Amino acid sequence: MTILIDRHSDQNDAGDEIVEKNQGNVKEEETELVLDAGFEAPHTNSFGHTFRDYDAESERKRGVEEFYRVNHIGQTVDFVRKMREEYGKLNRTEMSIWECCELLNEFIDESDPDLDEPQIEHLLQTAEAIRKDYPDEDWLHLTGLIHDLGKVLLHPSFGELPQWAVVGDTFPVGCAFDESIVHHKYFKENPDYDNPSYNTKYGIYTEDCGLDNVLMSWGHDDYMYLVAKENQTTLPSAGLFIIRYHSFYALHKSEAYKHLMNNEDRENMKWLKVFNKYDLYSKSKVRVNVEEVKPYYLSLINKYFPAKLKW
136 MTILIDRHSD QNDAGDEIVE KNQGNVKEEE TELVLDAGFE APHTNSFGHT
186 FRDYDAESER KRGVEEFYRV NHIGQTVDFV RKMREEYGKL NRTEMSIWEC
236 CELLNEFIDE SDPDLDEPQI EHLLQTAEAI RKDYPDEDWL HLTGLIHDLG
286 KVLLHPSFGE LPQWAVVGDT FPVGCAFDES IVHHKYFKEN PDYDNPSYNT
336 KYGIYTEDCG LDNVLMSWGH DDYMYLVAKE NQTTLPSAGL FIIRYHSFYA
386 LHKSEAYKHL MNNEDRENMK WLKVFNKYDL YSKSKVRVNV EEVKPYYLSL
436 INKYFPAKLK W
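In the numbering used here, the protein residues as written are 136 to 446.
Hint data in this document are derived by calculation from the structure and do not stem from the laboratory. Quick caveat, the model's predicted, so the values are computed rather than measured. Glycine included, each C-beta is placed from N, C-alpha and C at the ideal position. Be aware that a few hints might be false.
Unchecked claim - Taking CB as the label site, the calculated pair distances span:
1) 240 / 196: 23 to 29 Å
2) 196 / 437: 40 to 46 Å
3) 205 / 387: 23 to 29 Å
4) 198 / 371: 35 to 41 Å
5) 225 / 196: 34 to 40 Å
6) 198 / 271: 29 to 35 Å
7) 389 / 339: 17 to 23 Å
8) 399 / 295: 31 to 37 Å
9) 429 / 197: 36 to 42 Å
10) 270 / 204: 41 to 47 Å
11) 336 / 388: 37 to 43 Å
12) 371 / 217: 29 to 35 Å
13) 334 / 205: 16 to 22 Å
Unchecked claim - Derived SDA-like pairs (lysine to any residue); straight-line CA-CA distance at most 20 Å:
14) 445 / 390
15) 267 / 431
16) 438 / 226
17) 364 / 226
Work out the full structure: start from the sequences and follow the hints.
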């Protein structure tokens, strides 16, 4: 893989320090894993803007904001429970992981201000960037490849759900919507916003209850988590954690909802912070030769998943 990235400074646009190359080792510093080699975050996304800048004047700004308006109104406790019950049956089809990757070629994520390429490009960009820096963590390479596969919910075979019910930043329902969530103002039109059972800090949850017990807004993250778990993947718990919460930016960028986490969540959060750097900042000048890397990823799929999965 060739990664074409200009080296400009030792910080990315989120203000995170980019650690210089050392010996390719990964060390733990305070409470999170810190990368000591390889990947440097670019300064601009596919459109030439800073990453996750929802105010940047671009051809996609109005569409992205409208997406979040509809999303924030529609993601209610009742809606999430209905979707989890319906799609948790996994009775739509049976197909392999790679077949699902190829299926995603048809879609572009309307909520993403940074990318307008087919999804398989992003999946391989993410996975290959991780593979370069973490050669011994093959489960993390595979997690990079499959983290967005739940976007098949957009396909007619899966009910062709609207984008607001498939993509975008995720957040808990059943408790107060944190102000750090992008375009928070639109939650005022959500039926749960004024419901006293749902609009407090804890809502229907308790302190340290664990994120497994929290209803997240419905979309590709939660769906792929259900698919992987119910098909008895042998990925470690950190892999499942990444799949379910990689779009939960209110948590891993703003540290909202930490009061709902348990000790296992806090441990897995270290890996999510590592993963997020690649998920976000690989959306730039990256091209991957699909046929060249395909055999490697097929071997990982065979290691961690059955040949055919129920979806």
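Hints violated by the structure (numbers, ascending): Hints 6, 11, 14, 16 contradicted; others consistent.
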